[in-house]
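Visitor: The hints should help you fit chain C onto chain D, whose structure is shown.
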Amino acid sequence: MTEPLLAIRNLSVGLPAGSDRPFAVEDLSLTLEKGEILCVVGETGSGKSLSAFATMGLLPTNLPKPTGEVVFEGRNLLALPPSERRKLAGSRLAMIFQEPAAVLNPVYRIGEQVGETFQLHTGLSKAEIREKVTALFREVRLPNPEEILRAYPHQLSGGQCQRVMIATALALEPAILIADEPTTALDVTTQAQILRLMLDLRENRDTGILFITHDFGVVAEIADRVAVMRHGRLVEIGPAEQVLNHPQADYTRELLAAVPKLDPHASREGLGEPVLEARGIRKIFRGQGFLGKKRVVNAVDQVDVTLRRGETLGLVGESGSGKSTLAQCVIRLIDPDDGAITIAGGNFGGLKGNALREARRRVQIVFQDPYTALDPRQSVGDAIAEGPVIHGKKKSEAMTTARNLLAAVGLEPSAADRFPHEFSGGQRQRICIARALALEPQLLIADESVSALDVSVQAQILDLLADMQKRHQFGMLFITHDLRVASRICDRIAVMRQGKIVEEGEPARLFVDPQQDYTKELLAAVPGRDWQHVARAENG
Amino acid sequence: MKKRLPVSVIIAATVLGVIIFIAIIGNVFTPYGVTEQNLLARLKPPAFLGGPEEYPLGTDRIGRDMVARLVAGLRMSLLVALAGTAIGAIFGTTIGFIAAHFRGAVEEILMMIVDFQASLPFILIALTLLAFFGNSMTLFIILMGLFGWETYARLARGVVLSAAAQPYAKAVVALGARPIRLYTKHILPNVASALIVQLTLTFPQIILLETSLSFLGLGIQSPNTSLGQILGSGRDYLSTAWWISVFPGMLIFIITLSMSILGDTLRDRLDPMLKQRNT
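Taken in sequence, the protein lines are chains D and C.
All the letters of the first sequence, read from the start, carry residue numbers 1 to 540 under our numbering.
All the letters of the second sequence, read from the start, carry residue numbers 1 to 279 under our numbering.
Mixed in with the good hints, there may be bad ones.
Calculated pairs, DSS-like style, for lysine-lysine (alpha carbon to alpha carbon, straight line, at most 27 Å) [unchecked claim]:
1) Lys294(D) - Lys500(D)
2) Lys34(D) - Lys132(D)
3) Lys470(D) - Lys261(D)
4) Lys395(D) - Lys185(C)
5) Lys261(D) - Lys500(D)
6) Lys87(D) - Lys126(D)
7) Lys352(D) - Lys393(D)
8) Lys393(D) - Lys185(C)
9) Lys170(C) - Lys352(D)
10) Lys170(C) - Lys500(D)
11) Lys87(D) - Lys132(D)
12) Lys34(D) - Lys87(D)
13) Lys170(C) - Lys185(C)
14) Lys170(C) - Lys394(D)
15) Lys261(D) - Lys170(C)
16) Lys185(C) - Lys520(D)
17) Lys500(D) - Lys520(D)
18) Lys65(D) - Lys185(C)
19) Lys393(D) - Lys170(C)
20) Lys520(D) - Lys261(D)
21) Lys352(D) - Lys294(D)
22) Lys65(D) - Lys87(D)
23) Lys393(D) - Lys294(D)
Hints were generated in silico from the structure; no laboratory data involved.
Bound conformation, chain C alone:
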């Protein structure tokens, strides 16, 4: 029996859907290009505040259309977060499985690395690496992937250990299955729900991380743009042209909030501990 979804979840899902939709096809409807400048229309306020009609959300310091900027920034932010989450999840989960399978020294070393990363502020690691290796899109996405892998590793190790102790896993071993078969065909499907929930929790965090780095000027570089970069570019004009920073900020807020609400619901639905308590 499924309970009806609460209104907040339906709203969150709808909002996210609309945002993703805009990110994918939004640029078709914007009259101006992302990099199209109009130096005669610099720092114009949004149309509803008395700005020119053709710029509904105003323009930035070199007269670029905010709508076009936001659509492009949104797409980049979501792509980076998606790639980062996927890399982190796959990498971290694999490490967790390896630690749980080999136990002993392998586990100790891997978990020590996990603890090491968990005890350092990630933004520090990110700044150092970016400073050393210079900025590139590849490195940036890898960095996003590195963020949060340790939570997957820790989580995966725990759930795999407890799943492997279940009689069904032992029965599969007794049938003569190779470990890879046990882990991919039996254990992974049974622990996937916990990992999927973790996915919904790290996704907003990665968006925030991307925002902070881009805000500091170490993230996405022009001519590319992201929500964080737009937000950062508006910091000198906060008192005169607040819309440059506020609109991307609001978008980030809405995305992370919606994602968190969905994640919470997913956890309630999928968490076997909670499920047992409800039935």
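Chain D on its own, in the form it takes in the complex:
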């Protein structure tokens, strides 16, 4: 057998003293072949990104030096002097990151930034470089490469930026491309295109790709082999087909079970009277351009929403579709320009001042990022009790309610005395749900409430929301960009695009027989669709 392209042997990366575990990566061994896509999968803190950084020599300086071997083209990268290593990084090994817009320098034109790689590593003339860059842009299928050369990063979309990054990474024909969650920040349809691009690269250039992701759907789309990591250790490694369909390790099985699947179920029976009726909601954002040029964005454009007691309506759309703006209009965190909102039979849209504050108990919201949704200087108990206290309950009674709610959302009642930073992301989201439910609202808005969480935690929070809904019978407006997540919990799904609801229906109908092209496009872009069909068929 020939040498693998990249061999990581017994790699360990320590953590600074005082961390929750001694090693970020512990005794990791894996190989990457030419023309192979190896997906490294794991949840937050599994050490998947740090292994990649160690390979590239990009570890944060506060970490101790990694031990073990990273062998590439017969040389141990970890033992090379820094100058040698820098030469390899960028030319033979290249890396792309999650936030492409943050990697590009906003004050330079795209062409200059990509051309810089050639200037540093080759002796080509300006015209030759330009030609090379244009060719690369064509290869990563950027439309109008000539125009993009002259553009500034802010003029490109997220997907275009990521293509530019990939083009830069490919500039010097690297043998290995390390991709660290390159599609996580992108919309599904864009993600599908980038994934296809990865497959093309493997095909046309024989590049070895180390693809880091948390999403098994993505894995199913592109992986040849899969490595599953947890707490810095390798749990399982093997061919994609085997790991995805016949996992050996319990942890892999757990993870796979938690992956949300497109589930074409029907709406639940026995729903109550309407709790939310929104008619003709419209919100226009007017921006002033630099030289007085007016920009008008129809964020929400004449949208009607009806939601009944005990029902969950999913609002699905890509970034900028207006789904969050609609939610903020419904809960009156921003005022709609037009439209009527009725919540639990009472007018809500036209209220002002004290009447509005009083009515706010009927509708509550759970935000996306559990790390910023809680006041860092307020104890958890106080946070949950705050709503009832505002609405006239005695502090002691409200604290009792808070403790009961903490137990109901699966935390210790003693958590009431602690502060948000002592909890994990999932636990914080439970606290946010408890805070929202403390007022016993008739309508709960979940704005991307599980999007920032790991799949296993995501599944738990979705279960918690469903369970709470069963108990308290609130209507839930569930906003997400992920059709798979929506399908798990929603009775009906509304697809939004450019401020309008383009299609609405029960998952049973929407997934099986979508009417609009855009819905079809969204469905086709869901990563790992085919694999899940296979899996379901095999499991009966």
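Guide: Just chain C now, with coordinates in the frame of chain D:
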């Protein structure tokens, strides 16, 4: 994990502590009163330069003990600076909160006033007001309070705007809280660190301002005294009795320097941006 404090900070804190201690109880130990004159012992040099033993730091032009003068001046300077800083901080912060809450026209007008004050040399405003309204202790302290309020207003407006955009603030609004509850219970505690740092920056500036005005004779008036006033009273004797000006000058220098060092450290500790970069 807390890093150990650098030596400079420990020294600065100790020096400030000693100075404040002296300002509070120093007069108990001085044998002479602040206004006690001894015309036979005028302009005597400090004891270590051959002056009389009973005046360790010498005497001024009408034979008052420099030690007693300095203790009294120190106390007055610190009190005025403290009152001025507090007034400016509370007033400016309130204006900032109001601007951030109401936005629109209210914000525009308030920020215009802020820009207006920021673009005029404050000493000019102070001189004009003192000339118009005559000198009084109350007016003087109010003037000290007016100094620097615009920096608090600007700072507070900025940090409040960004804090109010945080999901936790929105969640509190969605619970039905009144604005006053949102601002006092949630936003103020979260932005306090930035304001406290600003406090340590304006405090030395106010001491310097008090010094300049008193030096010009428009600040603290006899029989009260302050470091600036003592310094100013020595300006005619710089070549013959330098100690009258140099000792208060040194005290002012030490206070402002120590305060600045402490302020820098506080900013490093409390600034959330810097904190993020370190972890």
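Visitor: Give me the numbers of the hints this structure contradicts, sorted from smallest to largest.
Guide: 15, 16, 18, 21, 23
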